[in-house]
Structures are given as structure tokens and as C-alpha cells.
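A.B. asks: One line per chain: the protein sequences are F and C, in this order. As numbered in the numbering used here, residues 1 to 343 make up the first sequence, in order. As numbered in the numbering used here, residues 1 to 343 make up the second sequence, in order.
Don't read these hints as lab results, they were simulated from the structure. It should be emphasised that the depicted structure is a prediction, and the values quoted were computed from it without experimental measurement. Among the hints, erroneous ones may be present.
Note that the list lumps identical chains together, so a pair holds whenever it fits in one copy or between two copies.
In silico DSBU-like pairs for lysine-lysine, Cα to Cα no more than 30 Å straight-line [to be verified]:
1) K231 - K7
2) K307 - K21
3) K73 - K164
4) K106 - K338
5) K164 - K29
6) K305 - K7
2 protein chains.
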Amino acid sequence: MFENSSKTNLEKLGEFGLIKKLTENYTPKNPDLIKGIGDDAAILKTNSEKLQVISTDLMVENINFDLAYTPLKHLGYKAVVSNISDIYAMNATPKFITISVALSSKYTLEAMEEFYTGIYLACEKYDIDIIGGDTNTSPQGLTISITVIGEVSPDKYVTRSGCKPNDLLCVTGDLGGAYMGHQLMEREKRVFLANPEMQPDLEGYDYIVGRQLKPEARKDVIDLLSELSVKPTSMIDISDGLASELKHLALESNVGFNIYEEKLPVDTQTLEMASEFNMDATMCALNGGEDFELLFTIDQADFEKIKSNMDITVIGYATEQANICQLITPAGNQFDIKAQGWN
Amino acid sequence: MFENSSKTNLEKLGEFGLIKKLTENYTPKNPDLIKGIGDDAAILKTNSEKLQVISTDLMVENINFDLAYTPLKHLGYKAVVSNISDIYAMNATPKFITISVALSSKYTLEAMEEFYTGIYLACEKYDIDIIGGDTNTSPQGLTISITVIGEVSPDKYVTRSGCKPNDLLCVTGDLGGAYMGHQLMEREKRVFLANPEMQPDLEGYDYIVGRQLKPEARKDVIDLLSELSVKPTSMIDISDGLASELKHLALESNVGFNIYEEKLPVDTQTLEMASEFNMDATMCALNGGEDFELLFTIDQADFEKIKSNMDITVIGYATEQANICQLITPAGNQFDIKAQGWN
Numbered sequence: 001m002f003e004n005s006s007k008t009n010l011e012k013l014g015e016f017g018l019i020k021k022l023t024e025n026y027t028p029k030n031p032d033l034i035k036g037i038g039d040d041a042a043i044l045k046t047n048s049e050k051l052q053v054i055s056t057d058l059m060v061e062n063i064n065f066d067l068a069y070t071p072l073k074h075l076g077y078k079a080v081v082s083n084i085s086d087i088y089a090m091n092a093t094p095k096f097i098t099i100s101v102a103l104s105s106k107y108t109l110e111a112m113e114e115f116y117t118g119i120y121l122a123c124e125k126y127d128i129d130i131i132g133g134d135t136n137t138s139p140q141g142l143t144i145s146i147t148v149i150g151e152v153s154p155d156k157y158v159t160r161s162g163c164k165p166n167d168l169l170c171v172t173g174d175l176g177g178a179y180m181g182h183q184l185m186e187r188e189k190r191v192f193l194a195n196p197e198m199q200p201d202l203e204g205y206d207y208i209v210g211r212q213l214k215p216e217a218r219k220d221v222i223d224l225l226s227e228l229s230v231k232p233t234s235m236i237d238i239s240d241g242l243a244s245e246l247k248h249l250a251l252e253s254n255v256g257f258n259i260y261e262e263k264l265p266v267d268t269q270t271l272e273m274a275s276e277f278n279m280d281a282t283m284c285a286l287n288g289g290e291d292f293e294l295l296f297t298i299d300q301a302d303f304e305k306i307k308s309n310m311d312i313t314v315i316g317y318a319t320e321q322a323n324i325c326q327l328i329t330p331a332g333n334q335f336d337i338k339a340q341g342w343n
Numbered sequence: 001m002f003e004n005s006s007k008t009n010l011e012k013l014g015e016f017g018l019i020k021k022l023t024e025n026y027t028p029k030n031p032d033l034i035k036g037i038g039d040d041a042a043i044l045k046t047n048s049e050k051l052q053v054i055s056t057d058l059m060v061e062n063i064n065f066d067l068a069y070t071p072l073k074h075l076g077y078k079a080v081v082s083n084i085s086d087i088y089a090m091n092a093t094p095k096f097i098t099i100s101v102a103l104s105s106k107y108t109l110e111a112m113e114e115f116y117t118g119i120y121l122a123c124e125k126y127d128i129d130i131i132g133g134d135t136n137t138s139p140q141g142l143t144i145s146i147t148v149i150g151e152v153s154p155d156k157y158v159t160r161s162g163c164k165p166n167d168l169l170c171v172t173g174d175l176g177g178a179y180m181g182h183q184l185m186e187r188e189k190r191v192f193l194a195n196p197e198m199q200p201d202l203e204g205y206d207y208i209v210g211r212q213l214k215p216e217a218r219k220d221v222i223d224l225l226s227e228l229s230v231k232p233t234s235m236i237d238i239s240d241g242l243a244s245e246l247k248h249l250a251l252e253s254n255v256g257f258n259i260y261e262e263k264l265p266v267d268t269q270t271l272e273m274a275s276e277f278n279m280d281a282t283m284c285a286l287n288g289g290e291d292f293e294l295l296f297t298i299d300q301a302d303f304e305k306i307k308s309n310m311d312i313t314v315i316g317y318a319t320e321q322a323n324i325c326q327l328i329t330p331a332g333n334q335f336d337i338k339a340q341g342w343n
């Protein structure tokens, strides 16, 4: 799994040696960072005209990721992306992150360097600085904890709670791809375990594999909404699946939602893979998760501003029926939407 | 281990049900918190005259804590204290924390409520607000990740790197107690495992047991130094042991240290327990860790201001010999100080 030929045992380095190795070539870019990695805490200068936005996530091996088919570089990249996605979902800009890892003795220095390469790539792309973290031993596997610090103007932030009845429900990109990519890789893993001489067959499915392994956060959409002078009335990012996020918006805004099945944006590869697995593509789009697209509501008056954008789809609208989320099929049937984690 | 009689399986609640249960009675106190738990991210107003200070820690079951003798309430309390201790070590004030936990299916709602009771107690005592977090499943045990956000005036913060040769090295409280408390509880655990009818014998050792199970952060010392108008030239908190922290100060300040064995502050219970275990009390004080006392250096001109304070001990001084840390025995012998994690 780890392709580097040389392997350095982490015990030889010691905790402080490891941190030094992983961060020695890293130079923070943001002039507001007064003290970064290497002290008890980081010190930041804050912009007095902005509010600060803070989010945190914990990822656990074999629960949130499977290293059998996730290269460590991709894992590092995805760990950053999935976290900053929460900051964009507040209509804010991520600036700094802390990264903590607990790792078992199976990890080598070279493996951790791979992981950090992915982290650095994401930080570069999204213009973020690493300001600290913690390294620890774990009895089993890898656990990653990231905290992101961002900023937003007081008049621009968007929570989950501002949606009003009749607001339009919009989603960016397409849905269910990351989930179908996951299903595909799980299948190929089973094939490989049964017969280690088989090579994984991912041909023709690069898009959904990429959605699972190297997702992006929708910074571009946040920038676009700002250009278009559209401030969503509520917003959330899709990490647990459309159905679950919809319930969050409904609960916090005290509204309901009707969404139209035929409006759900689903990529061709997702459709094909769903059909190969005998799965319902709508269910994948509703419950798949990890797409890191944005789900938001806008005032109807803003519809003209966004309607010609290919990357934003209006999939339904908010109703007055608090917490009732319904899917309307092309035939006009209505179903209550259910979601995991909402018992 | 969990004393509550009713047990609620976490799967029944779902992730969002659990977070709601654990936080439903929690009301943040700080008016600068614009949006707390319950959105993609928290939103804070920052004080434009202050800098922001951020630190993070990861604690792993059976590596950093043993639930065989650590009540979950104490664990929650200690998790907060050990984190905010890093903020005090910057001469700053902690204001907000995020808490993430990954937990296996052995944990019940009642167990998590115990854990959060300890967290809330520490937040109350140190005047901190919880602003967010994450809850996740773990294949094994409990992992806790906490990030603390604090603030400090630009002219007051203290890093590890400002110490000059001849500065005096000071330590607060006493050392080695948490470690000896740990040794004692490990022994009683072994006795209990060998014969479950034996009750743990901790009598006469309440101080060192308390040092291990319910440590405090030295907010009082930070307040005192401010009253005395003493700004340390460098500072760190003692989490990995005096020896390791000394090496951090030496490395970052490019100095060395001479410390006097007979000056090391060690409590009577620590001495007695060390003698019972046939251990060298000096080694316990040097390498014990988890005392969460502050280690700092001051200009010699400030000695008069602190000399009569019972809670601060001058244990040595900084030298020009970069990275050479030496222990001087009462007989005048000198030994190089070694520390774990520094290979």
C-alpha cells in the first residue's frame, strides 16, 4: 500500500522528531499568523471587521476511510477539504487549520509524509495555513482531527436557520457520485481479497472514483454567489447525504421541504454504476453523502440571478409544514424522506 | 465502572440525537459567541485589541487514560484542563473550546453524560464556553480531541523562545505527583485484576491520586504574575515532564539550563510513594509528566517580585550552552538531562 521503498520506524524519531520532520519545510503564508507550529499554542491577529468561524471534525480509520483503497495523500487532501467545506457552508473563508493525528505502530515516517503531502496540497489550493496540531500513539489504526478557523463579514454569514417558507432549495454540482465511487471500490476490494492476482477494474468510472477519493470544497460557488450578490437564506454542506442535511435545515429553520425527484442532479457514471449494482439512483443521491456540495435556500427574488448557472440546480422549495421533508416523484406521488442518524 | 443504573444504547439515539442530549441544557455565557453548537461552524466576535491563541490536543484510550481507574467525569474535567493549560502557558486566557469524541459501541448515553458533566464543570470553573464539536464511531475505545481558543494582549504573550542566558528558571507547585498517583493506581489495578475481591488501597495518598485524576490548570499563577507585573521571558506547561519541557525551552530559546536537584519541589506523598516503589523521586519529578504546572523563565531583575511566593520555586538558571540541560546534585555532580520523545 505504501509505495516508498525506504521505511523509517516512527519510534526511532520520537514524537517531537516526527512533528519536526513533517513540518520542517513548511512556511506559513498568512501575515496574520504571529506564532505557528512549535509552541504551546498558535497566535493569530484577527481582522476587527470580520467575525471568526470555527469548525472541527474527527475521522477514524475503518469508519470514515479504508486504507485498502485510499492512498494516504488523497486521505490528507480529503481530510482538509471535508473540514473547510463546513466553513464555506457558513458563506465564510477558511484561513487556518490545526491537524492532530493518533497513529498505530504500523505507520512509518514515509507513510505520514505521504499523508502530509496531501494536506499541504489542499492548503496550497485553498490558501490555508497550518498553525498547529498534536501527534499521538493509537492502539489501532489512524485517527485524524482537524479544526478550521475562518472569517466572514458580519453581514454575510449564513446559518442553517434563516430559511422561510417558499424559499427555493438549491444544490451545487451533482449528488451520489462519492457514494457510488465508494461502492465500486468496496466491490473491487472484495474481488482483490478473494483473488489477490486480480487488478481492480475502475475503467470508465474515473469521475465517481475521483468524487470519493479527491473531493473538492465549493469555494468557487461561494465566490460566485458573492459576485451575483446572492446571500442564501440558509446553507449547509452535504457530508452525510442530501436527506440528512435537508432535515438539519428544516429543523433549524422550522420549515419543511418538498423536493422533486426528477430535479436531483445525478451524473451519468453515478446512474450507470447504480444500475450495475441494482440500486436506486435517487436513494444514492438522497443518502449517499461525502459529495461536499452545498445545499442552500434563496429568496424567490434571487432566482433570476442564479437560474442560468449550470452548476446550481433548484430542486424544490421550503414549506410551512415544520420538519416535513417530502420527495415528489415524476408521477406526483409523495414520500416522507428518511435519513440516517435521525432516529 | 459506570454507576448509573439505566443504560441507553447510543445507536437508538443516532448521532444527532446524542449531540442534542449532551448539549440541550447548555447555555453559553460569553456574549461574543454569535452562533455556537448546532451549525456547520461556530461564529465568534473577536476583540480587536487582542490576539487570538489556539491550541489542540488528542487523547486516546489506553494510551493517555485508563478507564479501569479513571471515572468518566474526571476524564472530561482533565481533558479540558490539560488543553487550557497550553493557553495559560502562552500567558493568555482561554475563552472557547470545541470537543470531538469517537466512541465504540460499549459506551452508553449515561456514560457520555458523565463525561460531559466533567467537561461542563471545568468550563464553569475556568469560564469557558463550548462552541462545537463532532461525534463519531470508533472501532475500539474512546478518542477525545479538544481545541481551545483564547486571547491575549499583543504586549503580554509569552512563547518558548524568549529566554536569555542567566534568566532564572521557575516552576509552580510541585512535580512528580501525577506520575506517582498513576503508578499507585496501576498497582491497585493489577491487584484488583488478580483478585477482584480486593478493594483498592489508596488511603493516605489522596493528594497524588487527585493530581492524576483531577489536575488543575494554573490560571491563578497567570493572574498572580500579572498582578506582580512579571512577564516571563519564556514559558511552557508541564505535560510531558520537566525534562522534556526544559528541552523545548532550551531548543526554542537557544540556551541551556542548569537545575539544582535539591530545589525541585516534590510533595511528601510523592516522596513516600516513590520510596515504596523503590523509585528515585528526582527521576519522577523530571520525567513524570501530567502535573500541568508552569515552567517559566524570568529576568533576574524580577526575582524580588516573586521570591516570597510559596507557589513558585526557582530551580535553576539559563546558560549560554545551547541545548545543554544539566542536573546538579547536592554533592556538585552534573548529569545531562534526558527526556522521552527526544531521540
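A.B. asks: Now, for every hint given, state plainly whether the structure supports it.
C.D. replies: Against the structure, the hints come out as follows:
In the homo-oligomer, the alpha carbons of K231 and K7 never lie at most 30 Å apart, since the shortest distance is 50 Å inside one protomer and 45 Å across protomers. With identical chains, the CA atoms of K307 and K21 are never at most 30 Å apart, being 49 Å at best within one copy and 41 Å at best between copies. With identical chains, the CA atoms of K73 and K164 are never at most 30 Å apart, being 42 Å at best within one copy and 41 Å at best between copies. Proximity of K106 to K338 under the C-alpha cut-off of 30 Å is restricted to the inter-copy arrangement: shortest distance 27 Å between copies versus 40 Å within a copy.
With identical chains, the CA atoms of K164 and K29 are at most 30 Å apart between copies only, with a shortest distance of 29 Å across copies and 40 Å within one. In this assembly of identical chains, the alpha carbons of K305 and K7 never lie at most 30 Å apart, being 55 Å within a copy and 53 Å across copies at closest.
Violation of the numbered hints given earlier is confined to hints 1, 2, 3 and 6; the remaining hints are satisfied by the structure.
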